[in-house]
Amino acid sequence: GAGVSQSPSNKVTEKGKDVELRCDPISGHTALYWYRQRLGQGLEFLIYFQGNSAPDKSGLPSDRFSAERTGESVSTLTIQRTQQEDSAVYLCASSFLPAGGIYNEQFFGPGTRLTVL
Amino acid sequence: KNQVEQSPQSLIILEGKNCTLQCNYTVSPFSNLRWYKQDTGRGPVSLTIMTFSENTKSNRRYTATLDADTKQSSLHITASQLSDSASYICVVSTASKLTFGTGTRLQVTL
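Taken in order, these protein sequences are the chains called A and B. Quick note: the first sequence uses the numbering used here, first residue 20, plus one each step. Quick note: the second sequence uses the numbering used here, first residue 2, plus one each step.
Source of the hints: derived by calculation from the structure; they are not laboratory data. Be aware that a few hints might be false.
So the derived list for chain B, only partly shown, Cβ under 8 angstroms to chain A, looks like this [to be verified]:
#, residue
1, R43
2, G44
3, P45
4, S47
5, L48
6, A87
7, I90
8, F101
9, G102
10, T103
Please read all numbers here as calculations on a predicted model, not as lab measurements. Think of the CB as a built atom: it goes at the ideal place given N, C-alpha and C, for glycine as much as any other residue.
The shape of chain A in the complex, shown without the other chains (with noise of 0.2 angstroms):
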């Protein structure tokens, strides 16, 4: 596809429960990232992928969270043992050049939105 691609576009679990949320980046770009956006907030930074490998892991808010690479192309954020306030939506970007440059424009997946019963 043209666009960064996120699955489940919604997800509702219970308490406890782990979830894995999927994103496919645009083909080629080098680097992925994930947020967390809760209602009415702005987008905070959870991890950044540049190939497989993860050098800034600094938003990751607790150890409940990680997040996996594979192939330099799909990426899976799992949450295990969720909380109530995981609720949010997690949005997934990819660039084709590292993080922050003046040519590295983020393009964003939709998002998923993530409810924690």
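Starting from the known structure of chain A, arrange chain B on it as the hints suggest.
Below, chain B alone, put in the same frame as chain A:
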């Protein structure tokens, strides 16, 4: 600490009117500043990007300005349309990291 502050938090205007959104930042060292539009339920989409040497940049009815000395930027929307209703996010970058503002929620009404 790198921060990006936007004002107002929310704004309601009539269709056809103009409006200006503000962004103040303390990000250093500065690389570039972007404005994104985020429609409800969608991911953000880039509107403009400006480097240190650029004072203004336009994209259709959107005009962004940058004053690197005062570390301020604005986004001016001309002749607003209902489809402009969205959140507008200011993002300031160093060479390696982006800092996001919390956005201004704009509602354009009839």
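Now the hints, each set against the structure:
1. R43: Since the shortest Cβ distance to chain A is 6 angstroms, the answer is holds.
2. G44: holds, 3 angstroms
3. P45: P45/B check passes; min Cβ-Cβ to chain A is 5 angstroms, inside 8 angstroms.
4. S47: holds, 5 angstroms
5. L48: Interface hint status for L48/B: violated (11 angstroms vs cutoff 8 angstroms).
6. A87: Violated. Min distance 13 angstroms.
7. I90: Cβ of I90/B sits 7 angstroms from chain A, so the hint holds.
8. F101: holds, 4 angstroms
9. G102: holds, 6 angstroms
10. T103: holds, 4 angstroms
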